[in-house]
Each structure stands twice: as structure tokens, then as C-alpha cells.
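**Student:** If you want the building blocks of each chain, they are given just below.
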Amino acid sequence: MTTAPPVLDVDALLDDPGTRIIVCCGSGGVGKTTTAAALGVRAAERGRDAVVLTVDPARRLAQSMGLSELDNNPRRIEVGGDGELHAMMLDMKRTFDEIVEAHSDPERARQILANPFYQSLSSSLSGTQEYMAMEKLGQLHRSGAWDLIIVDTPPSRNALDFLDAPERMGRFLDGRFMKILAAPAKSGGRLGVKVISAGFGMFTGVINKVLGVQLLRDVQTFVAAFDTMFGGFRERAEKTYRLLQTPGTAFLVVAAPEPDALREASYFVERLAQEGMPLAGLVVNRVHECEPSLSAARAQAAAENLEERGEHPLTSALLRMHTDRMQLAAREERLRARFTSAHPNVPVTAVPAQAEDVHDLEGLRRVGEDLSLGAAPAEPAA
Amino acid sequence: MVDQVSARDTDWDGVRLHVVTGKGGTGKTTVAAALALALAAGGRKVLLVEVEGRQGIAQLFDVPPLPYEERRVAVAPDGGDVYALAVDTEEALVEYLEMFYNLKRAGKAMSKLGVVDFVTTIAPGLRDVILTGKTSEAVRRRRKDGAFVYDAVVMDAPPTGRITKFLNVNDEVSGLAKVGPIRNHADTVMKVVRSPETAVHFVTLLEEMPVQETMDGIHDLGQVGLPVGGVFVNMEHAPLLPPEDLAAAALGELDTGEIVQGVKAAGLEGDAAEIAGVLAAEGTEHARRTALQAREKERLETVEQPRYALPLLPDGMDLAGLHELARALREQGAA
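Taken in sequence, the protein lines are chains Y and D. First residue of the first sequence? That's 7 in my numbering, and the numbers climb one at a time after it. First residue of the second sequence? That's -2 in my numbering, and the numbers climb one at a time after it.
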């Protein structure tokens, strides 16, 4: 029997003026985006000026917040209450273009934007999305226009990509590979190449073979034009990374009561601790709660009793249904207990499974209420 | 039905690459594994490929994490074998370099210089070319006697939102490489993916978002001329009440007086009214979910692709459950 985890007090988190950034992370399909939106609605109703940054292109979410669609600019959403809510959807290409335009002269910006390698880089899904989510988060924070930013992390193949990709991209942009690629263009060709190292000939040979001459040339042109911006990129990425380590940030790990999702949640909790990033707690979505007044075993016995006598078919069907549900609840409870025994100090809140999808602000409000009700798990039925 | 199974007259005769996609949380890995088991039944050899580095296959089959190596993970009924491979992008890239360019040592040097980082995480599309390339190599691979090494390859692919981009590697690299080795490699991969030997299957739940993503995904694949396979409806809840009770429950109008009587007759101690209230509320929730399922099922009717139903396994997923799903797939002609 494990002890119950501490309860995650979502309202206290939202009400604390010191909470400036909430990052919702977790594996795909666990309800991250809905959680982020519900937190935004609740925060605004409780007086915060909040902005929700989502990367999930689900049109339904925009609709549920009363917008026909979301774009790269924060849109105001009418929620009532003392605060304000804005929401936006990350357009990674637009964000990347804006950075290029803001940090180089018009001629150079034009060159970069027209480069085929840049065009692929800025619209590809691997890495760039995570990087641009970090950039946007940094921008929103620097603008000072909101006192609470809620981020829904990209639907990565692996929940940890969100933390790794920016660093990888930074490492690449200022890494040796880029320097070597940039070298011939800067030093005027072969002469410069020879100076760098004896092994370089072999190296460019390999690159040429594998990537092809044309791609290599595009990359080199891109690097030459982009050169002056590298430092800035690296610096901003590091700043945002450090921002995520400050006490004003709260990570919420979102999961469903399923083995895979909770395993990912576990990894994420460990990783956040390693990186010194502040974890606020775990949100378990779509939970079936144990019903204390009637255990699975008693419901099953009662259903069998009625079935044997052929009486009250509706009640016996309902009792069977209840039996299944309590068994499911017990299984989910075991999975949650496993998480808690590995991470006994991580506060938890749970959102009960809904019969229907969240459709509108009303639905988001309900999720927000459930989030704030806390998570004391019922005692498993004996 | 049974005859169909023994004759192996399936909906996908001639398909050797089964790509399985689905929205996150729909059970795509489970369905891919069950399909691999179903295809292997009766003495065939099937490779199950994982491309997203989550080790979901190892978890499902209850084996240690898979290395970058084809390993047998399960035996199918009547002597078939399921092999599994977790493709590691970096290792696949190094292998690709060795295979096509004989660049064994260069791989290590490139790794140090950040070239591997470049290809696997930064350069758009290259990562996908490496992953689909490894998979299509397994599809084409032949033994010395000329027969294919694997009768079928099942790929646990990226989620629906990314699948078209992932498979349409030609398009992805076209901005990067109009000619050259990457382009040639992409062309070879594309030949396999576009051929009638490939089918892209969609896993969905009977819920609004997964169904919408499935329909969007089928549309997108069709637009770029990629072969759409079947729709696998996973974890369908069976209606547990007779139709007239379901209708009443959906409206919140179950006869609570009758339920209280039933609870008392069943000999349950405690507050019969309270228990009846809990049961009625659960009945209403069940009826609403059933109605939602029916609505989503109706939307799926507009899709022409063959549909397969996989039951919700009450005890969670394990190897026995996988075999049960594999049997269901065979009975319905999916394998």
C-alpha cells in the first residue's frame, strides 16, 4: 500500500503572482493542449493576464475558445472575470522569418529567406518546431505584456525533444561543422580550406558524396549569410533555457492513466530534476475514480445474484458495468501508485474521464474546475 | 470466416509493407504489433519496425530494450516468426554510409563534427529518408536463393499528423537536393512506398479528434498519391445496455425506482438510493459515450477503405491480449 501523493493545488499555482510561465509537457494524445487551454481560461477568470501558446494545429481547440482559427499573433478571447486571456498558435516558419528580418539588414534578410536550405530548415518539423517554440516563449516573456504564459509543448515523438532540440540546434549552428562549411566561403576558396586541416579534403569529399554538391553549396551560402546571427541565436536559446530554470517557471507533466504515458511522465520528471527545472506536478487526465460506496467485488456478486434469479435486468446490467469500471479504476490506481512510489514528492491532480470531447469554453471551464479539485486517489476497493 | 483464414485470402494480398499510423494515444504501436503477429501466423516471417525510438515494441512483447538489430520477439500461431527492429537514426545513417559509400571510418569522424546531428535532427527530411530507407531496404532484401527475407514488414510509423510528410520523402528533400545521392536514395525509397506493395493503415478510436485526423490523413495521402490501406477502429466499447435503456439513460431518464428495487433485491447492504444514483449516473455516461461512438462510426462510413474493429481488452494489454487482437484481425481478413 503506497501513501497518497501530495495534492497539486492548481489554483494556488495560478493565483501566485510569482508564477510567470507554465509549461505543459507529456507524450502525445494525453490532453496537453486541452489542459493548457483550460489553465488559461481558469487563470484569466481568476484575474491573471494570461496567454496560451499552443503548437497543436487542432482547429477544434481554436473553435472551443471561440475563434475561427489561431495564428502566430495572440488573439483575445472573451472569458469574463477580472483577467484577460489571449491565445496563439505557433507558426514556426513565420517565427523564424521574423527573427531573420529583425536581426539582419533587408538585403541579407532577403538572401536568407530565398535560400533553399533555409526554406527547408524553417518549415521542417524536426527540431525547428521545438526551437521556435522556445524562441516564441522568449519573445512573449520579453514583451512583458502578460503576467502568465502557458505553453503547450510540441507533439514530439519523444516528450524530451522539447528540452533537447534547441540545444542541439544551437550546438549545430555554432558547431565545427558549420564553421568548416562557412570557411571556404569566407576565406575565398581552396586556399582557406588547406589552412584548416589536412583531413579537410577527405571531409568535404565525404560531404560532397553524401549530401551532393548542390546541397552543400546551399548550406554554405546560407551559413555565410546567417553567420552574424549565430551568436544571437545561441544567446537567446541559452537565456530561454535559463528562464525555464527560474522559480517563476512551473512545469506540469501531463499524462493519461496508461502504462506508456505514465512511463514517459516518469522519464520527464527525472529529466527535469537533472536539468534543475522546477516541476509543479503531474496532471493525470481521463481518470476513472474508485467509487467508495460499491466495490467491484460486491457489484459483481450482486449482479450474479440478480442474473441467477433472472430479475431486474437493468440493475444487473448496470452492476456489471460498474464492476468493469471499478476494475479499470483499480488498474489505473495501480499505475498511478507505481508512479507515486517512484516519485513520492511529486504533487498530483486528476481530471475525470469525460463522456464527450471538450467543445467550448464551458467544457474548458469544467476541466479547469476538475484540475483545481485536486487528486486524492480513493482507497482501492478491498 | 474460418475458411477465409485458412485460405489466407486477405484484403491485403500482395502488400509487403504495412505502414501503421494513428493519432497519439490511439494504440498505433499495439495495432502494428498485432498486425505483425497476424501476418506471421502460419509460418511466415514478419519484421516489425519502430522508427520513433520509444521502445514501445519491447514493452509490448515484454523483452529487453531492442538494440539496432533485427531480433525475434514472438512466435505466431502455427510457427510464424515476428522479428523486431528499433531503428536508431544515427546508426542507420552510419550503416547507410558504409553500405553505399564504404565510409566506415568517415561515419565516426562525421559524428564528431556534428554531421550526424545535422542529418538526424536539423536537416529537414534527411532523417525521414534514413528511416524510410532502412525500412524499404528490409522490404526489398532477398536471400541467396532469391526469395524475400521477410514475407511482410510492418512499420510502427509517426502519428497521423506527420505521416504524409514522413512518407513523401521525395517532396521533403526536393528543396534540398534536386540531384545527387540523397535524391537518388529518396527516389528508391519512394518507389517502394508508392507501389501497390505498400499500404498505409490508420488506427483510430471512435472519438471526434482521432476520427477527424484519420479522415484528414486519408485525404492528404490520396492527394500525393500514396496508397491508403485500412482503418483500424481500436478499443471500441460494446454497448452494455439494451437499446431502450440506452435511449433513456442518454436522456438521464433511467427508472431510478426500479434500480433501487434491483439494488435491494440483489442484497446489497448500505444506502440503496445512493448506490442506485451512482449506477444511474454511470449508465448515463455510458449511454452518452455509446452515442458519441455511434456518431463517429457514422462519419467513418463515408470512408471507402476496409474497416476492422478491435475490441477493448478489459484487462489491459499484454502478450495474450496481442494474440487476441491478432486473431480478431485475421478473422476480419486484415491478415
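Hints may be right or wrong, so weigh each one.
[Unchecked claim] Simulated DEER-style distance windows between Cβ atoms:
#1 Thr299(D) <-> Asp366(Y): 23 to 33 Å
#2 Leu309(D) <-> Arg371(Y): 23 to 33 Å
#3 Glu310(Y) <-> Asp268(D): 16 to 26 Å
#4 Ala325(D) <-> Asp17(Y): 41 to 51 Å
#5 Pro193(D) <-> Ala336(Y): 45 to 55 Å
#6 Glu104(Y) <-> Pro62(D): 35 to 45 Å
#7 Glu368(Y) <-> Glu66(D): 46 to 56 Å
#8 Arg138(D) <-> Ala307(Y): 36 to 46 Å
#9 Asp88(Y) <-> Pro61(D): 53 to 63 Å
#10 His234(D) <-> Pro112(Y): 55 to 65 Å
#11 Asp268(D) <-> Ala336(Y): 42 to 52 Å
#12 Thr299(D) <-> Thr234(Y): 25 to 35 Å
#13 Asp21(Y) <-> Glu266(D): 38 to 48 Å
#14 Glu328(D) <-> Ala336(Y): 55 to 65 Å
Hints in this document: simulated from the structure, not taken from any laboratory. Even glycine gets a Cβ: it sits at the ideal position worked out from N, Cα and C.
**Student:** Now tell me if each hint is right for this structure.
**Tutor:** Cross-check of the supplied hints:
| no. | hint | in the structure |
| --- | --- | --- |
| 1 | Thr299(D) <-> Asp366(Y): 23 to 33 Å | holds (25 Å) |
| 2 | Leu309(D) <-> Arg371(Y): 23 to 33 Å | holds (30 Å) |
| 3 | Glu310(Y) <-> Asp268(D): 16 to 26 Å | holds (21 Å) |
| 4 | Ala325(D) <-> Asp17(Y): 41 to 51 Å | holds (45 Å) |
| 5 | Pro193(D) <-> Ala336(Y): 45 to 55 Å | holds (47 Å) |
| 6 | Glu104(Y) <-> Pro62(D): 35 to 45 Å | holds (41 Å) |
| 7 | Glu368(Y) <-> Glu66(D): 46 to 56 Å | holds (52 Å) |
| 8 | Arg138(D) <-> Ala307(Y): 36 to 46 Å | violated (57 Å) |
| 9 | Asp88(Y) <-> Pro61(D): 53 to 63 Å | holds (55 Å) |
| 10 | His234(D) <-> Pro112(Y): 55 to 65 Å | holds (59 Å) |
| 11 | Asp268(D) <-> Ala336(Y): 42 to 52 Å | violated (22 Å) |
| 12 | Thr299(D) <-> Thr234(Y): 25 to 35 Å | violated (53 Å) |
| 13 | Asp21(Y) <-> Glu266(D): 38 to 48 Å | holds (44 Å) |
| 14 | Glu328(D) <-> Ala336(Y): 55 to 65 Å | violated (31 Å) |
Hint check: violations occur at hints 8, 11, 12 and 14; the rest are consistent with the structure.
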